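Given chain L's structure and the hints, the job is docking chain C onto it.
There are 2 protein chains.
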Amino acid sequence: MLKNWNPEEIPPKEEIKERLDKARARLYKLQMEIKEHKVPVLVLFEGWGASGKGSTIGKIIKNIDPRFFKVATMSAPTEEELRRPFLYRYMKQIPEAGKFTFLDSGWMEETTKDCLEKELSGEDYTKRIESIKRFERQLTDNGYLLLKFFMQIDHKEQTARMERLLQEKDTEWRVGGFDKWQNEHYKKCCKVFDRYLTDTNTSTSPWYIIDALDKKWAELQVLETMVSGIEVAMQNSAHSVPLLQNVFPLVKVPKLKDIELADKTIEDDEYKVELKRLQKKLGILHNRLYRKRVPVIITYEGWDAAGKGGNIKRITEALDPRGFEVHPIASPEPHEKARHYLWRFWTRLPKDGHIAIFDRTWYGRVMVERLEGFCSENDWRRAYNEMNEFEKELSDWGAVIIKFWVQIDKDTQLARFTDRQNNPEKQWKITDEDWRNREKWDLYEVAVNEMLQKTSTTYAPWHILESVDKKYARIKALKIVIEEIEKVLD
Amino acid sequence: MLKNWNPEEIPPKEEIKERLDKARARLYKLQMEIKEHKVPVLVLFEGWGASGKGSTIGKIIKNIDPRFFKVATMSAPTEEELRRPFLYRYMKQIPEAGKFTFLDSGWMEETTKDCLEKELSGEDYTKRIESIKRFERQLTDNGYLLLKFFMQIDHKEQTARMERLLQEKDTEWRVGGFDKWQNEHYKKCCKVFDRYLTDTNTSTSPWYIIDALDKKWAELQVLETMVSGIEVAMQNSAHSVPLLQNVFPLVKVPKLKDIELADKTIEDDEYKVELKRLQKKLGILHNRLYRKRVPVIITYEGWDAAGKGGNIKRITEALDPRGFEVHPIASPEPHEKARHYLWRFWTRLPKDGHIAIFDRTWYGRVMVERLEGFCSENDWRRAYNEMNEFEKELSDWGAVIIKFWVQIDKDTQLARFTDRQNNPEKQWKITDEDWRNREKWDLYEVAVNEMLQKTSTTYAPWHILESVDKKYARIKALKIVIEEIEKVLD
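Chain order of the listed sequences is L and C.
Take any residue in the first sequence, note its place counting from 1, add 206, and you have its number in this note's numbering.
Take any residue in the second sequence, note its place counting from 1, add 206, and you have its number in this note's numbering.
Hints should not be assumed to be uniformly reliable.
Each pair may be met inside one copy or between any two copies, as identical chains are not told apart.
Claimed, not checked - 20 Å max Cα-Cα, derived DMTMM-like pairs, lysine to aspartate or glutamate:
(1) 319 with 285
(2) 339 with 405
(3) 276 with 374
(4) 682 with 464
(5) 333 with 400
(6) 209 with 595
(7) 676 with 239
No lab work stands behind these hints: they were computed from the structure.
Predicted model only: the values in this text are computed from it and were never measured.
Same shape as in the complex, but just chain L (with noise of 0.2 Å):
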């Protein structure tokens, strides 16, 4: 028996029944408002099994319209997953503004598991722990409605049910291996389910645990759960949370107007030899890194026409093409507007031993986001734990981490930017919106200056690219990445 846990007395069938029909009701009526408003529902089934987790999420979506919901079954992560941090597979799979997604268990399961095959325990049970409290606080804390269900059925209960499924040839299948390890060590289980019920259950996301032994006691349950569930996220628009302190060690960066561009220059003749030498170098490290399968996150940001595409061609010409990827980031599509603003970038994570590098990258919410107003204050300056927070999962996963700022002065974009306009064959490069951006230079210094100092964090740290000399950026940024790629092979 779960500890903490009182379960009700089963009403009798005619209040069920009663009762069921004004949860569908009353469910059918909250998908409209769940769209309008635009809230995301993720809704996780987690529990025992033969405990009715599929078969229960059958009977919920009756109710909602099929444009509106999605069902992921995860089971075992595959190779191309395992090749990814933890979180990426359920992170994939969250909803879209105004939608349900309903999985067929998720990160509890898989938790779990790897504590009871002794795989997860002590430091790094306690490790993972935190990083499901922050990936579900990072939900809740930008709107979504996160609904954790955890269906019980007591031993003698799942052994019944077993062996009625495994007697029929139609429905053996459906019993796993772990299914049947679980039953003969339900105790144990018990034991290891009780501890992580207890661990994640916070006020804004707590769990929910469902008698499951009827079915349609089941059903009602979590129809009821859920429909008081979204009445009170109905209730709340836009809701801003705490501002976390910094629990993230961190590096000093200049402020901007600190930094010496003048004298980072380099002489034609030493460049050409340089960046024969490191991008050689550097070639020889992506094989290293292939093999022992490190993953490696090279990002770019900067002011316009700082030099940010030439300086990424120099680093990619070092590299096997099969072992990179460049993503260019430009304003969010709207299915990812419509989702956590991390999202984009989460399914965008490299394999083990890959690179990908971000031209821009997520942290346009505390510098255009912030400065156009496109997200409220409350979340952009949430934004920079959450980054820590992030870059602390790729971290934490093995990844090499190295973030640029590519710095020039303000008269230097002006050259630059007259040089485009001037050259038919530039002037794709410029837009109105680089000459509006211009204008408020000193707002994004502003921002920019927070920003490094907020987030220049011991395992992703800054590097600043003097670029008023490109040849000079570019082999700094050559030398940093092979810097910081042979730190983690030695």
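Coordinates of chain C only, in the frame set by chain L:
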């Protein structure tokens, strides 16, 4: 050094000065907004001895109008306070809407001190943490802004400060016995503090660790965190929170319509004999309660004219007047309404060994407040759990809780109303409001049934008093009170 804390580098003096001016001005303005938005702000200062809790509070309040704040220095609990539940003296201090309370150390210091003095460990510690988390969640769920600061100095700094204080006659007294002990066992304390900070760090009331080495820098950190916390709170009006699943064991209570009233009568002669016998017995038990220091809380709810007053009278007749108090509960006064709705009940709790009788109770939240719309739907739906938690606190403290629902039928009420109306001596007992409430009988019945079902816990169950025959109800009440008290005295 505390885990999960990464102090920022102290900024240059010039910058601190500039930011201080800005933050002070901002706080000065925000106090008016706090007042307007009716947000209550509880600021808790915890931290090492000699870390400057008091002096920092002293500086912060200079920016706030004296009418809007209160400072409470929580030294060791008094004899009177020790005779009440742990949280009693903190609950007493919570601010009213639109005002600040600053606490110079609080439930963290008391708890960690108990840990260090070995009085609190294992299960008891876990229970204490749970109770603290519930307390803090109840505050934030009910619209309180709770800001928790921990003032951090290292061992060397603490030693130096204490030495300085001890050298002067004028300041010597400021170093207490526990401060000295703390300094001698710095590492051990650090461990206990660390665990407490981790265990109680939630997303709705997170900890802010203040680097208190430099006084101006400490003041700035506190000010800026306060300003940001208040600004976030201002953005939210009437926020709804998820409803939690009940975790407390419940006992079954019949629905009102299924309560048999007709045969619940008693003959006059028998009544007189029984009344005498039971009252005598209760009187004796009252003395034993007093000596054993067991607190008793008896609560009455029921229909208008059900006979609550006469029933209470038959109880109190048996008691020593120095050992009980009756609290008639009407609509809350303005100063009560301005606080957490349970505040006026917390502050009326009996000392151990005493009996408190409540004529109407906190359950008004889910009856009159629900039906008259005096609170939001989220408020009253959440209240079932809040009351179970409140009573759990009382029960863990050792209190006997006896909750009565005094039941009559609609016809009986009409007869008694009419009798009151027609009898000049009783007319004061009947008001227009009674007649209006009577019209809502059916709605009340739904609310009462839900209340009985959701708040009848094993540690604080509801007892039904069938009161068409008032004498029967009085005898039954006396018997239940005696039985419940005997259970705990045996």
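- Message: Could you work out which of the previously given hints the structure breaks and list their numbers from low to high?
- Response: Failing hints, ascending: 3 and 7.
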